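Participant: Residue-level listing of the chains:
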Amino acid sequence: MANKLISEMGLPKSTANVFAARNIITVKDVLSLSDFELMELLDVGLEEVTRAVAQISEISCPPYQTALSLLEQRKQNEYLAGHLPTRLTGLDTALCGGIPFGVVTELVGPAGIGKTQFCLKLALLASLPISFGGLGGRVTYVDVESKFSSRRMIEMGLTSFPEVFHMDGLAQEMAGRIVVLRPASLSEFTEREFGQGPHRQHPLGWHVSFIKSLAEFSRIPVVVTNQVRSQGRDEASRYLFQVQSRDEPPKDPLKFDSHLVAALGIHWAHAVTIRLVLESKSGKRLIKIAKSSISPSIGFFFNITTSGISLLDDEGVEMVGPEANTIHCQG
Amino acid sequence: MEVSSLPISASQRGKLISAGYSSLSSLSSVSPSHLARDLKIPENEAVEILKVASRRSGSDKIENGSHVIMNGAQTAWDMLHEEESSICITTSCSDLDEILGGGIRSKEVTEIGGVPGIGKTQIGIQLAVNIQIPADYGGLGGKAIYIDTEGSFMVERALQIAEACAEDMLEYNSLLRKDSQSHQANIEPKAFLDNIFYFRICTYTEQIAVINYLEKFVFEHKDVKIVIIDSISFHFRQDFEDMALRTRLLSGMALKLMKLAKKFNLAVVLLNQVTTKYNEGSFQLTLALGDSWSHASTNRIILYWNGNARYAYIDKSPSMRSASSPYAVTGRGIRNSSSNCKRVKLM
Numbered sequence: 001m002a003n004k005l006i007s008e009m010g011l012p013k014s015t016a017n018v019f020a021a022r023n024i025i026t027v028k029d030v031l032s033l034s035d036f037e038l039m040e041l042l043d044v045g046l047e048e049v050t051r052a053v054a055q056i057s058e059i060s061c062p063p064y065q066t067a068l069s070l071l072e073q074r075k076q077n078e079y080l081a082g083h084l085p086t087r088l089t090g091l092d093t094a095l096c097g098g099i100p101f102g103v104v105t106e107l108v109g110p111a112g113i114g115k116t117q118f119c120l121k122l123a124l125l126a127s128l129p130i131s132f133g134g135l136g137g138r139v140t141y142v143d144v145e146s147k148f149s150s151r152r153m154i155e156m157g158l159t160s161f162p163e164v165f166h167m168d169g170l171a172q173e174m175a176g177r178i179v180v181l182r183p184a185s186l187s188e189f190t191e192r193e194f195g196q197g198p199h200r201q202h203p204l205g206w207h208v209s210f211i212k213s214l215a216e217f218s219r220i221p222v223v224v225t226n227q228v229r230s231q232g233r234d235e236a237s238r239y240l241f242q243v244q245s246r247d248e249p250p251k252d253p254l255k256f257d258s259h260l261v262a263a264l265g266i267h268w269a270h271a272v273t274i275r276l277v278l279e280s281k282s283g284k285r286l287i288k289i290a291k292s293s294i295s296p297s298i299g300f301f302f303n304i305t306t307s308g309i310s311l312l313d314d315e316g317v318e319m320v321g322p323e324a325n326t327i328h329c330q331g
Numbered sequence: 001m002e003v004s005s006l007p008i009s010a011s012q013r014g015k016l017i018s019a020g021y022s023s024l025s026s027l028s029s030v031s032p033s034h035l036a037r038d039l040k041i042p043e044n045e046a047v048e049i050l051k052v053a054s055r056r057s058g059s060d061k062i063e064n065g066s067h068v069i070m071n072g073a074q075t076a077w078d079m080l081h082e083e084e085s086s087i088c089i090t091t092s093c094s095d096l097d098e099i100l101g102g103g104i105r106s107k108e109v110t111e112i113g114g115v116p117g118i119g120k121t122q123i124g125i126q127l128a129v130n131i132q133i134p135a136d137y138g139g140l141g142g143k144a145i146y147i148d149t150e151g152s153f154m155v156e157r158a159l160q161i162a163e164a165c166a167e168d169m170l171e172y173n174s175l176l177r178k179d180s181q182s183h184q185a186n187i188e189p190k191a192f193l194d195n196i197f198y199f200r201i202c203t204y205t206e207q208i209a210v211i212n213y214l215e216k217f218v219f220e221h222k223d224v225k226i227v228i229i230d231s232i233s234f235h236f237r238q239d240f241e242d243m244a245l246r247t248r249l250l251s252g253m254a255l256k257l258m259k260l261a262k263k264f265n266l267a268v269v270l271l272n273q274v275t276t277k278y279n280e281g282s283f284q285l286t287l288a289l290g291d292s293w294s295h296a297s298t299n300r301i302i303l304y305w306n307g308n309a310r311y312a313y314i315d316k317s318p319s320m321r322s323a324s325s326p327y328a329v330t331g332r333g334i335r336n337s338s339s340n341c342k343r344v345k346l347m
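Order-wise, the sequence lines are chains E and D.
When we follow UniProt numbering, the leftmost residue of the first sequence carries the number 1, and every step to the right adds one.
When we follow UniProt numbering, the leftmost residue of the second sequence carries the number 1, and every step to the right adds one.
Next up, chain E with everything else stripped away, as it sits in the complex (with noise of 0.2 Å):
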């Protein structure tokens, strides 16, 4: 919307000549100044630069929809309603249905944890015929990693389906709708395949926007993982406020027992609307819902088996406070 040009707005003539006379093109540059910068660039009056405003302002504005007409067209149009289940049970009934489309899932957690496993799962899932349960869809899975496994992938279908493996010819055909990008790195794929992004200010800020459209207007699910680092020793964890209205010295109760956050900062936190964190806590390897606006803060536990990852129990634990965000790594 924002290259949109000027010429195709309805703009009386006279008004439009004068636009690109002063080789003001598209509606970007247009909303980029103030109206008495535009009087002056432009030589005309007050009045007929606020109406032009106006009426580009409302053309370039995308259309509204009421909150229902959203909720009854991705009921009526999207096979359940917009999500991919991840056949675990409890986690499928906290996040509503499963991977809901359209956003951007983060999966946060220590090496060796089963991020791969679970990713792995997704794309199993996502490529499973529709009369199986599945998504009857083409996967792609940008494998920065190196890290994907045709054969462990095939060990978990036939362990999760064997009704579906055994049938002939039907995991070739699902393996070949799943496609494994290997670019050397994130920002080498999203150059080569989109042409050069401007790096500016946050190196990462193209990519949020990219992934999170790419995500809303194909209405399919996306998911990240996404590494942790060691927590630095003045990580900023509180507010100016809090620093002051307290007397003992700032201690934080979260760097005892835990020295790891997600990497890419807050920034990038802010970005994805549905966080997983996978750790290990004494023993026991445990997912937690993160960050979501429609799940409470739970918890499961969970093992790695040959069919990938499975709940031990699918009632939950569920998460007191900033707990659900802190990341440990024992055992």
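It is possible that part of the hints are untrue.
In silico BS3-like links for lysine-lysine, alpha-carbon gap of 25 Å or less [what the hints assert, rightly or not]:
hint	chain 1	residue 1	chain 2	residue 2
1	D	Lys40	D	Lys51
2	E	Lys28	E	Lys4
3	D	Lys216	D	Lys263
4	D	Lys15	D	Lys51
5	D	Lys216	E	Lys4
6	D	Lys190	E	Lys75
7	D	Lys107	D	Lys216
8	E	Lys28	D	Lys216
9	D	Lys259	D	Lys316
10	E	Lys147	E	Lys284
11	D	Lys107	D	Lys316
12	E	Lys13	D	Lys216
13	D	Lys256	E	Lys28
14	E	Lys13	D	Lys40
15	D	Lys263	D	Lys190
16	D	Lys256	D	Lys277
17	D	Lys216	D	Lys277
18	D	Lys316	D	Lys256
19	D	Lys277	D	Lys107
20	D	Lys190	E	Lys4
21	D	Lys40	D	Lys15
22	E	Lys28	D	Lys259
23	D	Lys256	D	Lys216
24	D	Lys40	D	Lys259
25	D	Lys277	D	Lys316
26	D	Lys277	E	Lys13
27	D	Lys107	D	Lys256
Hints listed in this document are in silico derivations from the structure and should not be mistaken for laboratory results.
Bear in mind the structure is a predicted one, so any value in this text is a computation, not a measurement.
Given the coordinates of chain E, work out where chain D should sit on it, guided by the hints.
Facilitator: Showing chain D alone in chain E's frame:
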């Protein structure tokens, strides 16, 4: 009054001055054809100039006559009356309402910020539902505009909150109106969703466009009583090179929103992200978009973790003392934090 203060184009202004028309009074008695000849411009353009000039000098005269200094001026007494009669929008958490002096206020811009996962979007959705509580139940009975820049609005969640709100209203109804034959027996949760106008914004240009367009939209939909922007900062924190332009656009936007809030008597709620800031030798969390933006909103509320509880802190407000209160995000929406025995802690 000088001609140079007229909102006309620079070249017309230059022509007026070089032809000797330097004050508004000199334009008051001249005819359009005369002016056109003097300025060597077409007659319709001269008519336009005279129209602008007469409007300007006309408004001056009225103002002088009735002792009103400027359009829209009010005495503090009148404002007090107005404030007292206005209804606040409840957050559904009575502790939070208490420190806010009743809830989110109309005619003001309130900014709410916090770390990821603290419940900003939850508060946004809750307010979009609560604005629709009918006047019989102590609400405003309005509609909501939800401007989503991040794509984090979840309809399923809105439906859950609306269902809980409808249940609460039914309960209230049965408690208070036992005698009367059920005033409004059926409150359909889906009707709540029908009154939330949802805009999905994908670039900062669209964000500016939608804010410009809001004035017309609200004029057409008079019952809109709250505008929620979730979040104000997302597009301005990426793909932005020119920080001066960013500051200018943001302050322009803040002005327009403030004007909108005043003109249509509605509440504007802006959700903001947090960032880290280096301050006196250590890193601290602070709301995004920088120091000049921090002046833009009337009220500023910061959401934070205090131990295991979610707290809201009033960082800035012209009328309320700075205080913090616990709140909880439950399956039914924003509610009082049940575990907390000491309720409101004044700082």
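Participant: All hints are to be evaluated individually against the structure, with a verdict given for each.
Facilitator: Comparing the hints with the structure gives:
1. Distance hint between Lys40(D) and Lys51(D) is fulfilled; the C-alpha atoms sit about 18 Å from each other, no more than 25 Å.
2. Of the supplied pair hints, the one linking Lys28(E) and Lys4(E) holds, its CA atoms being roughly 8 Å apart against a limit of 25 Å.
3. For the suggested pair Lys216(D) and Lys263(D), the alpha carbons sit about 12 Å apart, so the restraint of at most 25 Å is met.
4. Using a Cα cut-off of 25 Å, the hinted pair Lys15(D) and Lys51(D) holds, with the two alpha carbons roughly 17 Å apart.
5. At most 25 Å may separate the alpha-carbon atoms for a hinted pair to count; Lys216(D) and Lys4(E) meet this at roughly 21 Å.
6. About 14 Å separates the Cα atoms of Lys190(D) and Lys75(E), which keeps this hinted pair within 25 Å; it holds.
7. For the hint linking Lys107(D) to Lys216(D), the alpha-carbon distance of about 17 Å falls within 25 Å, and the restraint holds.
8. Between Lys28(E) and Lys216(D), the direct Cα distance comes to roughly 20 Å. Compliance with the 25 Å bound is thereby established for this hinted pair.
9. For a cut-off of 25 Å, the pair hint linking Lys259(D) to Lys316(D) stands: about 20 Å separates their Cα positions.
10. With a C-alpha separation of about 23 Å, the suggested pair Lys147(E) and Lys284(E) falls inside the 25 Å cut-off, and the hint holds.
11. At most 25 Å may separate the alpha-carbon atoms for a hinted pair to count; Lys107(D) and Lys316(D) meet this at roughly 16 Å.
12. For the hint linking Lys13(E) to Lys216(D), the alpha-carbon distance of about 23 Å falls within 25 Å, and the restraint holds.
13. In summary, the hint linking Lys256(D) to Lys28(E) is supported, as the alpha carbons are separated by about 18 Å, within the 25 Å threshold.
14. About 23 Å separates the Cα atoms of Lys13(E) and Lys40(D), which keeps this hinted pair within 25 Å; it holds.
15. This hinted pair does not check out: Lys263(D) and Lys190(D) have alpha carbons roughly 30 Å apart, beyond 25 Å.
16. A distance of roughly 28 Å separates the Cα atoms of Lys256(D) and Lys277(D); the hinted pair therefore is violated under the 25 Å criterion.
17. In summary, the hint linking Lys216(D) to Lys277(D) is not supported, as the alpha carbons are separated by about 38 Å, beyond the 25 Å threshold.
18. With a C-alpha separation of about 20 Å, the suggested pair Lys316(D) and Lys256(D) falls inside the 25 Å cut-off, and the hint holds.
19. In summary, the hint linking Lys277(D) to Lys107(D) is not supported, as the alpha carbons are separated by about 31 Å, beyond the 25 Å threshold.
20. At most 25 Å may separate the alpha-carbon atoms for a hinted pair to count; Lys190(D) and Lys4(E) exceed this at roughly 36 Å.
21. Our distance criterion of 25 Å between C-alpha atoms is met by Lys40(D) and Lys15(D), whose separation comes to about 9 Å.
22. Proposed proximity of Lys28(E) and Lys259(D) is supported: the alpha carbons are some 23 Å apart, at most 25 Å.
23. Proximity of Lys256(D) to Lys216(D) is assessed by CA-CA distance (about 12 Å); at most 25 Å being required, the pair is judged to hold.
24. Distance hint between Lys40(D) and Lys259(D) is unfulfilled; the C-alpha atoms sit about 39 Å from each other, more than 25 Å.
25. Between Lys277(D) and Lys316(D), the direct Cα distance comes to roughly 18 Å. Compliance with the 25 Å bound is thereby established for this hinted pair.
26. Our distance criterion of 25 Å between C-alpha atoms is broken by Lys277(D) and Lys13(E), whose separation comes to about 49 Å.
27. Taking the CA atoms of Lys107(D) and Lys256(D), the gap is near 12 Å; set against the 25 Å cutoff, the hint holds.
Violated hints, in rising order: 15, 16, 17, 19, 20, 24, 26; the structure is consistent with all others.
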